[in-house]
Amino acid sequence: MNRLKAIINLISLQIETNFKNKWYAMIIPTVYLFMLNTSTVVISSYTEPLKSNIILERCMAGMNITYYVTTLLSLVICSTLLLIEFGENINFNLIQPIRRSEYVVCLWTSTIFPTILATMIIPATLVSIIISPSYALNLIPCMSIHTLMMTLFLTQIYALVIILSCFLLLRKGVGLIYYNRVDIHSIDVNGTFNKLFLAIRSKNNQLN
Amino acid sequence: MISIEAVIEVEKLAKSYGKIQALKGVSFKVYSGEIVGYIGPNASGKTTTLKILAGLIKADFGEVKVLGLDPWENSLEVKSKLGFLPEKPIIPLGVEVSFLLEKVAKIRGISYPRREIIKLSQTLDFKDYLNVSIGKLSRGYLQRVLLATTLIGEPELLLLDEPTANLDPVGRKLLLSYLKELSRRKHTIIISSHILSEIEATCNKLIVIYSGSIIAKGKLEDLAIKYGLPISLTLTGKDLEVKVNEIRKLEYIGRVLFDYKNKLIEAQIESSKLSEFQDFIKDLDLNILKIKPPSIEELYLKIMEDVEIE
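Residue numbers (this note's numbering), protein chains in the order written: chain A, 1 to 208; chain B, 1001 to 1310.
None of these hints come from the bench; they were simulated from the model.
Hints may contain errors.
Straight-line Cα separation of at most 25 Å, PhoX-like style, residue types lysine-lysine; simulated pairs [said to hold, decoys possible]:
no. : chain 1 : residue 1 : chain 2 : residue 2
1   : B       : Lys1088   : A       : Lys20
2   : B       : Lys1290   : B       : Lys1205
3   : A       : Lys5      : B       : Lys1106
4   : A       : Lys5      : B       : Lys1119
5   : A       : Lys5      : B       : Lys1081
6   : B       : Lys1106   : A       : Lys20
7   : B       : Lys1029   : B       : Lys1058
8   : B       : Lys1127   : A       : Lys20
9   : B       : Lys1029   : B       : Lys1180
10  : B       : Lys1136   : A       : Lys20
Given only the sequences and the hints, what does the whole structure look like? Please build it.
Here it is as structure tokens:
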């Protein structure tokens, strides 16, 4: 029971830190994916009767790809940002009386769980709560074909921004480990990080 | 063969990072209630030793026992009994000081965290900052909070890497007197620091590491004798006005001061002549009130000088 309390306290401390320091990692994907989900739902309902229009059909296919790709990328961005936060706190976490295997639990719970919440559960729930009844009650105003095309275009631009941020972020994450800002040799989850650290150290020595 | 009475027992400890050999067969013992100064030049292996003792990294070779346990194999048991302040501490920013300390206390299984937090915040003088976000603290107060996360629950063993860094003189004084108080209550403390005056004011034992090997260890008085440095003795007794002249006649005697007001003689002698001098003052019916070893700075420089000559 004491072990469980200790783990819960470390997880809640880490989640609190994640929310305070990396709130944008969760808020931005949530808002974006909610908008994307909404537009996908609305647009599909309008394009349904126009399935014979080949341009619209292709646009819809593109939109679906955009939807899956950006959801996946948002997931990667959000989890990377939270992982960086965890990584920055690793020295602090490791000096606490917690087993190495328990850190893995803490790492997953404080990183993956909020990520799934921000990129999947909350946007989908919001769509089902707000959009579905509105749609059922026919409250969504009719959109012209130009508005529809503009929405699709903006979504694609947004996707590009997301891809670019994802690339920059991953570069930062790798750089963070490479330049030893994370005291990675403190970690030895089954020796994996130790090996990684040794490889980085030996690479650094070669460079020096 | 390792015995169980020492709080820390290290034998032939070795650790490498790739081709860099950080520790080359380090051996020492630390006993309950001791405050040990662990000193040495930069990159000599101090931090690596402390990390091995805290169970954060595994030694490549050698035997380590902390509180009778292997810190790597029994890291949970060892970490729950020790407080470790790392060289480059990282602390979760964004949360409030009291929130962090409460969580740390709960992780450490402390029953009444609030009481502990208030007590520590008073001891280290940051009680007005308990509701402030950690990211907004100045460096000095951040160090106080870090120390509080280490000292919370008063662990049996404390491993402190540069504990007074960024602290103002008042903060240093508060911390060092608190550490002395803990030592009196049989807590064991290892301090790694480059501020030798603080080591001198706090520690009763010294371990000097150089390039991954221990080059000197022991009490300051013993090390002064070993390295032939002068030591000062404060003497008391009757007819000091007459006897001070007898002392001044000795060949191996250094500076001799006579304090008329307090009726004390302060004499500086070569440490190797200590037993001879003790016999001499016994014949004069004088008593040694205090033995003052050389300053730790003199001792450290002498040790380093000898190593570099070798």
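Is it true that the CA of lysine 5 of chain A sits at most 25 Å from the CA of lysine 1081 of chain B?
holds (18 Å)
Restraint check for lysine 1136 of chain B with lysine 20 of chain A, where alpha carbons must lie at most 25 Å apart
Holds, at roughly 13 Å.
Taking 25 Å as the top limit, are the C-alpha atoms of lysine 1088 of chain B and lysine 20 of chain A close enough?
holds (22 Å)
Lysine 1029 of chain B paired with lysine 1058 of chain B [C-alpha distance capped at 25 Å]:
holds (19 Å)
Taking 25 Å as the top limit, are the C-alpha atoms of lysine 1290 of chain B and lysine 1205 of chain B close enough?
With a Cα-Cα distance of about 17 Å, the restraint between lysine 1290 of chain B and lysine 1205 of chain B holds, given a limit of 25 Å.
Mind checking the alpha carbons of lysine 5 of chain A and lysine 1106 of chain B for me, to see if they're no more than 25 Å apart?
With Cα atoms ~7 Å apart, lysine 5 of chain A and lysine 1106 of chain B stay inside 25 Å; holds.
Is it true that the CA of lysine 1127 of chain B sits at most 25 Å from the CA of lysine 20 of chain A?
Holds. Lysine 1127 of chain B to lysine 20 of chain A sits at ~23 Å (cutoff 25 Å).
Does the structure keep lysine 1106 of chain B and lysine 20 of chain A at a Cα separation of 25 Å or less?
holds (21 Å)
Does the alpha-carbon distance linking lysine 1029 of chain B and lysine 1180 of chain B stay inside the 25 Å limit?
Holds, at roughly 20 Å.
Please verify whether lysine 5 of chain A and lysine 1119 of chain B have alpha carbons no more than 25 Å apart.
holds (23 Å)
Of the numbered hints listed earlier, not one is contradicted by the structure.
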